[in-house]
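Student: Using the supplied hints, reconstruct the complex from the two chains, each of which is provided in its own coordinate frame.
Single-letter residue listing:
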Amino acid sequence: MNIIRYQDPELAPWAPMNRLASLREEMNRLLDGSLAAFTGNVGLFGGWSPSMDVFQNKESVFVKTELPGMKKEDIDITFQDGMLTISGERKQESEAREGETYRSERYMGKFHRSVAMPTKVEPDQIKATYKDGILTVELPKAAEAKAKQIEVKVS
Amino acid sequence: MKTVATTSERSAETASRMPAWELPPANIREEGDAYLLELEMPGVSKSGIEVTVENNELTIVGHRSDTEPQGEVVHRESRRGDYRRAFELDLSIDTTKIAAKMEQGVLHLTLPKAESLKPRKIAVGD
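Protein sequence lines, in the order shown, are assigned to chains A and B. Going by the working numbering, 47 is the number at position 47 of the first sequence; the sequence numbering is gapless. Offset between the second sequence (1-based) and the working numbering: plus 155.
So that you can see chain B by itself, here it is in the shape it has in the complex (with noise of 0.2 Å):
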């Protein structure tokens, strides 16, 4: 019986210790001249927030800042995991313009589209 025991207890550990990545909710919008992104990631300070951008693949991770009241827990719905999600940009995105607020747990991302390919004229030489 012994032995049973311990072995669940040490698969419990790890099952708590395994980083479990939630995945924040995310709106995503065209408007004129860029693309409004929003991600839902309660619990996270724009000091826990980090924006990657790679060969066009845009991360985001949210870590969350909230700390547990100390006491026992009576209830409990939310999950504690630290947010991630990544999304592969168009090529008609400026992934240098890109510019992020945080606002009570919701982040806001601006992609503005490249200035390149809007339509230009070009002269002809002689």
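In isolation and in its complexed conformation, chain A is listed as follows (with noise of 0.2 Å):
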């Protein structure tokens, strides 16, 4: 006995582009010259590669990563550089339950991404958060990158 699984087609998604830029962050990260990316456990071209979003407003940078189902144990940041890289591993939990599986489309396995920050921030102020499986982490910038009003002083 099955699901049959059916969708209205009027509401057929669009082209996966997902592929298409997890291609291009694996492209990336061989070119950055890291043989590392040979040896993990991703395979070299599709994977897991979670959105993200970058915003910024005249007190700080903020990075929004969309991780479903993850435990926050299982999620890793680092901050060098200018750089923030967000890495972990999903976890199957199911790995020894019997049963059949007949739709498999979530993503499982490590993910890695880094972005670079527009501007200098304080790394001792960086909070994280994880709510309804998206990590937003709040990079306060540093007081010499927020813009300066330089006041005209008319003589």
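Accuracy of the hints is not assured; some may be wrong.
Stated by the list, open to error - Subject to a maximum C-alpha distance of 25 Å in a straight line, what follows is the list of computed SDA-like cross-link-like pairs (lysine to any residue): (1) A/K110 to B/R231; (2) A/K58 to A/E138; (3) A/K110 to B/H230; (4) A/K72 to B/T222; (5) A/K72 to A/P123; (6) A/K71 to A/S87; (7) B/K252 to B/A241; (8) A/K91 to B/E258.
Everything labelled a hint here was simulated from the structure, so no lab data went into it.
Tutor: Dropping the structure here:
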């Protein structure tokens, strides 16, 4: 007995841009010269590349990453030389359970994304929250990076 | 020139107002007496989920509740739409006993198989 997947044709999804993004990520990583990418568990093309948004306002830079279904201890956040790196592994809990899998669309396994900060930030004040499967990292800007208003004096 | 610019602005506006549904990725497993369905919908909290069953069709809608931080966008990859996906359920599923749980953007649905389909002995009357 199966669940028959039914999908309204008007709701048919876009081309999976995810795949292209992860391909580009892999190429970037290769060209960065790190051969660790070859030996990792993630396949060379394909694999999980969570979506990342970067915003900034006068006070801080915000990085939002979509990481549904993770435990916060499986998420690794590091900051070095102006580069924020978010990595981790989504483990399959159902390894030993019996049963049949009919459909497996969710990515599993390791992920690794890095983003360069647009301005200088204060590393000691970086905060991260994980809610509803979205990791939000707030990086307050360093004092010297905040734009200064220059007053014009009229004599 | 001015007319051309206005037309393209207007169509850009309509495009952003059109509701574009995202298709959440799903995992479907069968385990013992039930089917387990997992749907990934980051940015949706428990209050934003609507699960409805009608005539053996299961529809799940997830409304995103994450707010955008105030500020300019430096880089955007996420798609902003709400999630929607529908499944046609096999008759072996007892739709009155469907259970749902939401954890960190993943909806876990348990769809138990109907009791009546398990083999039963029928007593013969005189």
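Student: Now, for every hint given, state plainly whether the structure supports it.
Tutor: Do the hints match the structure? See the list:
Only pairs whose Cα atoms come within 25 Å are accepted, and A/K110 paired with B/R231 is accepted, the gap being roughly 22 Å. The suggested pairing of A/K58 with A/E138 holds, with an alpha-carbon distance near 12 Å, which does not exceed 25 Å. Of the supplied pair hints, the one linking A/K110 and B/H230 holds, its CA atoms being roughly 23 Å apart against a limit of 25 Å. Restraint check for A/K72 and B/T222: satisfied, since their Cα atoms lie roughly 21 Å apart, inside the 25 Å limit.
For a cut-off of 25 Å, the pair hint linking A/K72 to A/P123 stands: about 20 Å separates their Cα positions. With a C-alpha separation of about 13 Å, the suggested pair A/K71 and A/S87 falls inside the 25 Å cut-off, and the hint holds. Between B/K252 and B/A241 the CA atoms are separated by roughly 18 Å; this keeps the pair inside 25 Å, and the hint holds. Straight-line distance between C-alpha atoms of A/K91 and B/E258 comes to about 15 Å, which keeps the hinted pair within the 25 Å bound.
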